[in-house]
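Colleague: Single-letter residue listing:
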Amino acid sequence: MEILANAWLIPLFPLLAFVIILAFGRRLKESAAIVGILANAASLVIALLVFFERFAKGAGDYLNSSFEWLTIAGHSITMGFEVNQLNAVMLVVVTLVSTMVNIYSKGYMHGDNRLHVFYQYLALFTFSMLGVVLSPNLLQLYIFWELVGVCSFLLIGFYFYKPEARAAAKKAFIVTRIGDVGLFIAIALLYWWVGSFNYSDIFAAVNSGTLLSWQITLVGILVFVAAVGKSGQFPLHTWLPDAMEGPTPVSALIHAATMVAAGVYLVARMFELYLGSDIATNVVAYVGGFTAIFAASIGLTQRDIKRVLAYSTVSQLGYMMLALGAASAAGYISGTFHLMTHAFFKALLFLAAGSVIHAAHTQDIFEMGGLGKKMKTTMIVFLIGCLAISGIFPFAGYWSKEEILVATLASGRIDLFIAAVVAAFFTAFYMFRLFFLTFTGPEKVPQGVQVHESPKVMTYPMIVLAILAVVAGFINTPWKPALGDWMTQGMSFAHGGHESAPFWVTILAVGISLLGIFLSWLMYGKRSISNGNTARAFGPLYTLSYRKYFIDEIYHAIVVVPLRALGKVADLFDRYIIDGLVRLVASFTYGVGAAGSRVQNGQVQGYGAMMLVGLVILLITALVAGGLFVS
Amino acid sequence: MIPASSYLLVALILFCVGLYGALTKRHAIIVLLSIELMFNAVNINLVAFAKYGLFANMTGQIFSLFSITVAAAEAAVGLAILISLYRNRSTVHVDEMDLMKR
Amino acid sequence: MSGQYIAFFILSLLTISGAIFMISFNRVIHMVVALAFTFLSIAGLFILLEAEFVGLTQIMVYSGGVSVLMLFGIMLTQHSKVERSEQKPALRIFTFAGILAFFVAVFYGIQKTPWSQEAVDYSTQNNVKEIGVQLYNNYVIPFELVSVLLLVALIGGIIMAKKEADDE
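Quick mapping for you: the protein sequence lines, in order, are chains A, B and C. This note's numbering numbers the first residue of the first sequence as 1 and each following residue consecutively. This note's numbering numbers the first residue of the second sequence as 1001 and each following residue consecutively. This note's numbering numbers the first residue of the third sequence as 2001 and each following residue consecutively.
I should point out that these hints are in silico values taken from the structure, not numbers from a laboratory. Accuracy of the hints is not assured; some may be wrong.
If you want a taste of the chain B side facing chain A, the calculated C-beta under 8 Å gives, among others [what the hints assert, rightly or not]:
no.: 1; residue: Ala1022
no.: 2; residue: Thr1091
no.: 3; residue: Asp1095
Since the model is a prediction, treat every value here as computed from it, not as a measurement. Note that the Cβ used here is the ideal one computed from N, Cα and C, for glycine as well.
Whenever a hint applies, use it, and build me the whole structure from the sequences.
Modeller: Next comes the structure, spelled out in structure tokens:
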């Protein structure tokens, strides 16, 4: 029990690193990276210890909320931390990915003047995410939740001198803020109805029927709105692809471990609440399913390597939501399981993409090609990532994705099952489109650019993640669901909920992915089908997908333009009515002053006359006050 | 017996005339003279109170003597300032003496 | 009693008319002469009030000293005769209105105040002697201070006038 009680040390190290780099960043320069890496490694070690201790047989949850923060009218708000199955896993995932990203960044950001600032933000980001994970109550979670948002803003806008990066940072901040309002309302409502921020109290209220079903539904949807914002689900997904303006390691961190995972984590953490409302789970499932296929279809046509990955993230997050929406033990397990495996292979893919960009100095996949000959390591790890995300046996993605399909099928939502399968097909297609266009075929990189393999400090983290992308799935196989059994221990719903999967699901899932890969090979590997012809054949659909269903344009038309008009009206009102009044007052005062200053003409006799007037007034006042005129 | 108010009235008229002169005349010497006139009006009051006052005694006369002395000193210094100013600025007009403002 | 009245009437008439003439004359010399008349009449008023010493001082200091001093000042500062002698009309009217209000207020105050009806009779005592006694018994320090003041004014006047002469 010793390590569990000391789990609070995990976020402390990144915080310490943040403070150190903040204070001595200028002097540390490149060695700021070392500080960041060491702090994350220390967190990783403790997180692993915590995980193994919690994983051991007979271990229970550790909850420490002894620190009393506020006492208002008899209600005390406590702070602290907790360790249960879910966040023990999350701690490992976050610290692991974060450590890898930190190491990788040392190579990727080498030579950047603001390297120390970058590491400072990274450390704060990791700290915030760990804070989200460890929080035992919603209020504390909300604080860290917002911190995560701030850090993402800072990191996406790291290249603030680029206007796109500035716009993307603002967009990420504002769009996620819409979701945060939902969370805030949900927290307020829960405190109103339950009288506590603690998860355990809230779940107790749900289970005992203190909360009415409509209340559960409302809160569930509001919490999901927050998750939609943070995890980039439709319709608030638009910020996530734009967030690619940040440095690539940041994209890896945001997409794999910290920012977007927070949304899924929140829904998973509130899972017991969702069990109380069919409507809320339906919303979660359908939004997730729709997002999965929607984002995947956009990913088919994008030309920017990072954007494709971004839409794939949106799509995969949709998968997780879909799984959680199944409202069963299997759904819960597969959702969190996929969150974990996805973190590994998506971080891997992003880091590999960063490596490619680092070498080729372009993000357009049609300008790459043939890079595989010169970047063997990168190619191999990228291939592993692609296989994992496409769900090919025996890579990590296979296990988690199949679990999701099984859970969805078991929940009886055939429509969503079909959507998920189609999305899987799309995913396989666009991932291998990426692979073939980047690493195979003729070389297209201009002569001046020297393509070379990335330094070891960048390849080693990728290799580590690649290994994890291969083996991470074995922790929860259908015939030995170790993770699943463990995760559901002590949960209120059915224990061990592994659905017996019909064998055809596996065949279908792998088969459809293989089909996608084959098609993509035909089009981009062998080039027996011209992609130009295909694009023309699908004309309007292609445009629709390439322009991302015009979502940004629609938002611009229905939200930005009216708001801007409103702002314009307010501006005019302010400029002419409010300012007009102010200017009137000012000119009146000025006029009085000018009249006064004309009296101050340096003429002694004028002053004397003024004094006389004052004297007369005083005299008359004195006489009246003295009662002289009262006869 | 001549009532006290008669003397006070004469003094008041003198004071007002002096005040008017002091505030409206442009010639600095006339302004000085007008101020002297106002002093005199006050002196009349003092001496009148010495005779007709509520606690009439010699103090009024003594006080008027002091006042005359101060007025004489004031006239001397004022004239000295005036002459020095005239030498520098070649004017004796009060409305042109606004050096402090410029 | 009637003699006193007549004397008061004539003297106050001379005083006020001298002042009015002073204000209304155009030439500075005439003004000073008019004012000298006023000073003399005021000395007469003082004597009428049984303050002989103050009256004589008035004649010596004002009619003798100040008037002559002013005449010297006029002679030392050359000036043309044709220029406008008064301030702008606006200021004049403004000042006149202020003074009128002042006059009315004080006049009303004088009329309303119940003055004591009996006068002190100084005719029995020697005015000069009495002032001397008072001055050297009760007012020694003010007396000495006034002498210092006169000295300062003397030296100040000299320095004021002389310093500029050096500069030339």
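Colleague: Please go over all the hints and tell whether each is borne out by the structure.
Modeller: The hints, checked one at a time:
1. Ala1022: holds, 7 Å
2. Thr1091: Check failed: Cβ of Thr1091 (chain B) comes no nearer than 14 Å to chain A, outside 8 Å.
3. Asp1095: Nearest chain A Cβ about 6 Å off; hint holds.
Hint compliance for this structure: hint 2 alone is broken.
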